[in-house]
Amino acid sequence: MKRQVPVLITFIVGTVLILSVFFPPAERLGEDFSIFFDIIAVFAFFLGGGNLLRIHFGKVYQKREDWGFSIVTLCGFAIMMMAGLFKLWNPGGIAADVAAPGSLFQLMYDWIFNPLGASMYSLLAFYVASASYRAFRAKNIDATILLIAAFVILLGRTPLGMYVTSWVPESFSILQIPNLAIWIMVSPNLAGQRAIMIGIALGVVSMSLRLILGVERTYLGVDNE
Amino acid sequence: MLSYLKPSQVISIFLFLFIILFSFASLAISQDTETIEEIIADSVNIFIPTTATDVVAVDHVYDCGEAVDVSWTLSTDDEKIGEYKILRAGEGSPDFVQVGVVLPGNFSFIDKSVESGQSYIYKIAAVYNGNAVESEPSNIVIPDTEPVNWNLLNLFLIGLLIAGAVIYLISHAKSGKKLFIRKIAGLEAIDEAIGRATEMGRPILFIPGINDMDDVQTIAGITLLGRVAKVVADYDIKINMPVARSLVMTTARETIREAYIGAGRPDAYSDDMVRYITDEQFGYVAAVDGIMVREKPATCFYLGAFFAESLILAETGNSIGAIQIAGTAMPAQLPFFVAACDYTLIGEELIAASDYLSGEPRQLGSLKGQDVGKLLAMIALIIGVLSITIADAWGVDFFVWLSDKMDAMFTIQN
Numbered sequence: 005m006k007r008q009v010p011v012l013i014t015f016i017v018g019t020v021l022i023l024s025v026f027f028p029p030a031e032r033l034g035e036d037f038s039i040f041f042d043i044i045a046v047f048a049f050f051l052g053g054g055n056l057l058r059i060h061f062g063k064v065y066q067k068r069e070d071w072g073f074s075i076v077t078l079c080g081f082a083i084m085m086m087a088g089l090f091k092l093w094n095p096g097g098i099a100a101d102v103a104a105p106g107s108l109f110q111l112m113y114d115w116i117f118n119p120l121g122a123s124m125y126s127l128l129a130f131y132v133a134s135a136s137y138r139a140f141r142a143k144n145i146d147a148t149i150l151l152i153a154a155f156v157i158l159l160g161r162t163p164l165g166m167y168v169t170s171w172v173p174e175s176f177s178i179l180q181i182p183n184l185a186i187w188i189m190v191s192p193n194l195a196g197q198r199a200i201m202i203g204i205a206l207g208v209v210s211m212s213l214r215l216i217l218g219v220e221r222t223y224l225g226v227d228n229e
Numbered sequence: 216m217l218s219y220l221k222p223s224q225v226i227s228i229f230l231f232l233f234i235i236l237f238s239f240a241s242l243a244i245s246q247d248t249e250t251i252e253e254i255i256a257d258s259v260n261i262f263i264p265t266t267a268t269d270v271v272a273v274d275h276v277y278d279c280g281e282a283v284d285v286s287w288t289l290s291t292d293d294e295k296i297g298e299y300k301i302l303r304a305g306e307g308s309p310d311f312v313q314v315g316v317v318l319p320g321n322f323s324f325i326d327k328s329v330e331s332g333q334s335y336i337y338k339i340a341a342v343y344n345g346n347a348v349e350s351e352p353s354n355i356v357i358p359d360t361e362p363v364n365w366n367l368l369n370l371f372l373i374g375l376l377i378a379g380a381v382i383y384l385i386s387h388a389k390s391g392k393k394l395f396i397r398k399i400a401g402l403e404a405i406d407e408a409i410g411r412a413t414e415m416g417r418p419i420l421f422i423p424g425i426n427d428m429d430d431v432q433t434i435a436g437i438t439l440l441g442r443v444a445k446v447v448a449d450y451d452i453k454i455n456m457p458v459a460r461s462l463v464m465t466t467a468r469e470t471i472r473e474a475y476i477g478a479g480r481p482d483a484y485s486d487d488m489v490r491y492i493t494d495e496q497f498g499y500v501a502a503v504d505g506i507m508v509r510e511k512p513a514t515c516f517y518l519g520a521f522f523a524e525s526l527i528l529a530e531t532g533n534s535i536g537a538i539q540i541a542g543t544a545m546p547a548q549l550p551f552f553v554a555a556c557d558y559t560l561i562g563e564e565l566i567a568a569s570d571y572l573s574g575e576p577r578q579l580g581s582l583k584g585q586d587v588g589k590l591l592a593m594i595a596l597i598i599g600v601l602s603i604t605i606a607d608a609w610g611v612d613f614f615v616w617l618s619d620k621m622d623a624m625f626t627i628q629n
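Chains A and B, in that order, give the protein sequences.
Under this note's numbering, think of the first position of the first sequence as 5, with each following residue one higher.
Under this note's numbering, think of the first position of the second sequence as 216, with each following residue one higher.
Simulated from the structure, these hints should not be mistaken for lab results.
Some hints could be false.
With a straight-line cut-off of 27 Å between C-alpha atoms, the simulated BS3-like cross-links for lysine-lysine are [claimed, not checked]:
1. A:K63 with B:K453
2. B:K389 with B:K583
3. B:K398 with B:K327
4. B:K221 with A:K63
5. B:K221 with A:K67
6. A:K143 with B:K398
7. B:K583 with B:K398
8. A:K6 with B:K221
9. B:K511 with A:K67
10. A:K67 with B:K453
11. A:K6 with B:K389
12. A:K63 with B:K511
13. B:K445 with B:K393
14. B:K589 with B:K393
Okay, the calculated beta carbon distance ranges per label pair [to be verified]:
15. A:F50 with B:L601: 57 to 67 Å
16. B:D359 with A:A82: 47 to 57 Å
17. B:V271 with A:F15: 18 to 28 Å
18. A:F47 with B:V271: 42 to 52 Å
19. A:A195 with B:V271: 37 to 47 Å
20. A:F50 with B:D310: 45 to 55 Å
21. A:L92 with B:A483: 38 to 48 Å
22. A:F15 with B:F371: 47 to 57 Å
23. B:L230 with A:I59: 31 to 41 Å
Note that beta-carbon positions come from the ideal geometry of N, C-alpha and C, so glycine has one too.
Can you make the complete structure from the sequences, with help from the hints?
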């Protein structure tokens with residue numbers, strides 16, 4: 005029963021979702037199944053929130069290593085939740101939108117959460133530099149080709165690229181670095197990406213069929229055998 | 216209380232308080248500053264644009280009667296006007312309401328706010344400097360439901376062919392015929408990576424991406440987790456799995472629990488192996504980076520759907536000297552993983568990983584089914600490239616016809 009019911013649900017939902025693409029009257033049913041998923045996900049969110057609180061309260065209570073960070077997490081969680089639940093400082097009162105301009109929830113989102121998220125995102129600039137340094141070392145032929153392609157694209161996206169090769173006559177304009185960079189992006193690069201995407205699409209079809217037919221059941225926590 | 220804390224923790228608490236105080240101080244200052252709006256008096260303008268003409272409304276084909284296609288001939292003053300407003304009224308009603316706006320140069324609009332079976336009539340208003348000139352009303356249109364979307368017949372046939380090949384080869388594989396599957400280095404390295412963590416006595420970190428269970432990549436990641444957890448249970452090492460979705464947390468727990476039971480060590484399993492962090496992308500990244508730097512896992516798995524966080528995670532893992540195995544079907548993130556990780560499962564390899572590792576004939580059969588799809592794609596590519604090249608270069612009628620057919624076959628209309 006533990007195996008059969010989930011497999012049956014997967015079969016019915018998967019089949020309906022496929023049919024809803026080709027048969028417009030079934031579209032609504034497909035949308036309904038997506039909404040069911042959202043409803044289940046909302047309930048599961050309580051489990052997630054509960055798990056977060058349990059782990060961090062336990063860490064603070066037992067004064068385990070790095071418990072100070074857990075205090076920061078719990079404070080952030082509590083303050084944001086209070087601001088959202090009780091709509092603190094909300095100009096429209098308790099009946100207004102939780103994210104109304106001027107509400108504590110929105111202020112914290114705009115002035116604390118967003119800058120912190122942007123700070124994390126900005127780390128990418130430094131990580132791209134360090135990853136590029138490793139990837140572009142000319143250790144073998146493949147890496148050398150990669151290095152040359154990267155150099156052409158970097159140069160092609162700057163005014164220097166145009167300046168360096170502006171003397172190349174129009175009849176050989178493909179050899180101008182900006183044009184060469186465009187060619188690399190729209191021909192070899194795009195061809196490679198499309199090949200990967202065709203493989204992914206076929207893989208998704210195959211995986212979906214295995215799930216619908218119940219051949220793949222590892223995600224249910226049971227073996228396929 | 217502060218004496219119990221490490222200096223880094225005290226700094227982080229003070230930093231947290233400082234950010235809150237500074238943010239509110241900035242807010243207080245910003246509220247005192249008002250934006251000065253430029254007020255430009257409207258001069259009297261006597262220019263009146265010509266109206267749009269030939270407004271035609273037709274039922275959007277192959278849908279549930281939820282859309283109407285409206286088209287018109289542009290105003291002869293199209294380059295001067297500001298926008299076209301699309302106005303709609305029920306049949307017999309004099310009250311037209313605005314249902315959409317398009318910029319000059321556009322001569323069609325899809326109204327998706329209609330109800331099946333109701334009658335509608337449309338007008339187009341050409342707007343110049345606040346003055347609107349309305350067109351003549353369109354014909355009456357009644358959106359209707361069509362039972363089959365014939366526009367997608369090509370997609371249906373291609374899907375049927377590939378799905379048929381997969382199903383046939385799954386059943387064919389049951390007969391016990393040995394199938395050749397090429398080696399995938401990233402998957403061969405899984406045991407080695409876990410063994411390394413065992414030798415070093417350090418934990419394993421498993422990240423299943425940041426999407427929910429409705430993403431096939433997350434499912435692929437979880438199926439691989441099942442295989443990894445079995446080895447982890449056998450070797451008796453710690454697995455740490457921070458997740459960004461609650462449903463993934465419950466599914467992953469179930470998967471790891473089953474693996475521990477399968478290994479005969481249910482007592483070694485703990486719910487704390489999988490913990491929920493947050494749904495927010497960069498909040499999750501910050502937490503996982505912190506876990507990496509503090510716990511220094513020997514092996515990191517990144518298997519699932521990743522976005523901008525891929526490089527941040529992989530570079531942090533690299534900086535702590537962890538052996539890293541990544542896999543995603545997000546083409547934009549693959550170069551980052553290739554640059555920063557030891558092994559990368561590229562696209563379909565991630566999705567095929569579970570079958571590959573299981574070695575079960577039925578699952579290997581589905582992999583061969585994928586290969587049939589690839590063969591078809593290759594044949595179609597070769598025919599398409601040759602036909603369009605010959606048609607363009609020499610204009611041979613047959614190849615012009617063939618290239619048009621190939622184009623139609625692989626174009627999805629909605």
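Status of the hints after comparison with the structure:
{"no.": "1", "hint": "A:K63 with B:K453", "in the structure": "holds (18 Å)"}
{"no.": "2", "hint": "B:K389 with B:K583", "in the structure": "holds (13 Å)"}
{"no.": "3", "hint": "B:K398 with B:K327", "in the structure": "violated (50 Å)"}
{"no.": "4", "hint": "B:K221 with A:K63", "in the structure": "holds (15 Å)"}
{"no.": "5", "hint": "B:K221 with A:K67", "in the structure": "holds (12 Å)"}
{"no.": "6", "hint": "A:K143 with B:K398", "in the structure": "holds (24 Å)"}
{"no.": "7", "hint": "B:K583 with B:K398", "in the structure": "holds (14 Å)"}
{"no.": "8", "hint": "A:K6 with B:K221", "in the structure": "violated (48 Å)"}
{"no.": "9", "hint": "B:K511 with A:K67", "in the structure": "holds (20 Å)"}
{"no.": "10", "hint": "A:K67 with B:K453", "in the structure": "holds (21 Å)"}
{"no.": "11", "hint": "A:K6 with B:K389", "in the structure": "holds (25 Å)"}
{"no.": "12", "hint": "A:K63 with B:K511", "in the structure": "holds (19 Å)"}
{"no.": "13", "hint": "B:K445 with B:K393", "in the structure": "holds (26 Å)"}
{"no.": "14", "hint": "B:K589 with B:K393", "in the structure": "holds (20 Å)"}
{"no.": "15", "hint": "A:F50 with B:L601: 57 to 67 Å", "in the structure": "holds (58 Å)"}
{"no.": "16", "hint": "B:D359 with A:A82: 47 to 57 Å", "in the structure": "holds (54 Å)"}
{"no.": "17", "hint": "B:V271 with A:F15: 18 to 28 Å", "in the structure": "violated (44 Å)"}
{"no.": "18", "hint": "A:F47 with B:V271: 42 to 52 Å", "in the structure": "holds (48 Å)"}
{"no.": "19", "hint": "A:A195 with B:V271: 37 to 47 Å", "in the structure": "holds (41 Å)"}
{"no.": "20", "hint": "A:F50 with B:D310: 45 to 55 Å", "in the structure": "holds (46 Å)"}
{"no.": "21", "hint": "A:L92 with B:A483: 38 to 48 Å", "in the structure": "holds (45 Å)"}
{"no.": "22", "hint": "A:F15 with B:F371: 47 to 57 Å", "in the structure": "violated (20 Å)"}
{"no.": "23", "hint": "B:L230 with A:I59: 31 to 41 Å", "in the structure": "violated (22 Å)"}
Hints 3, 8, 17, 22, 23 from the earlier list are contradicted by this structure; the remaining hints agree with it.
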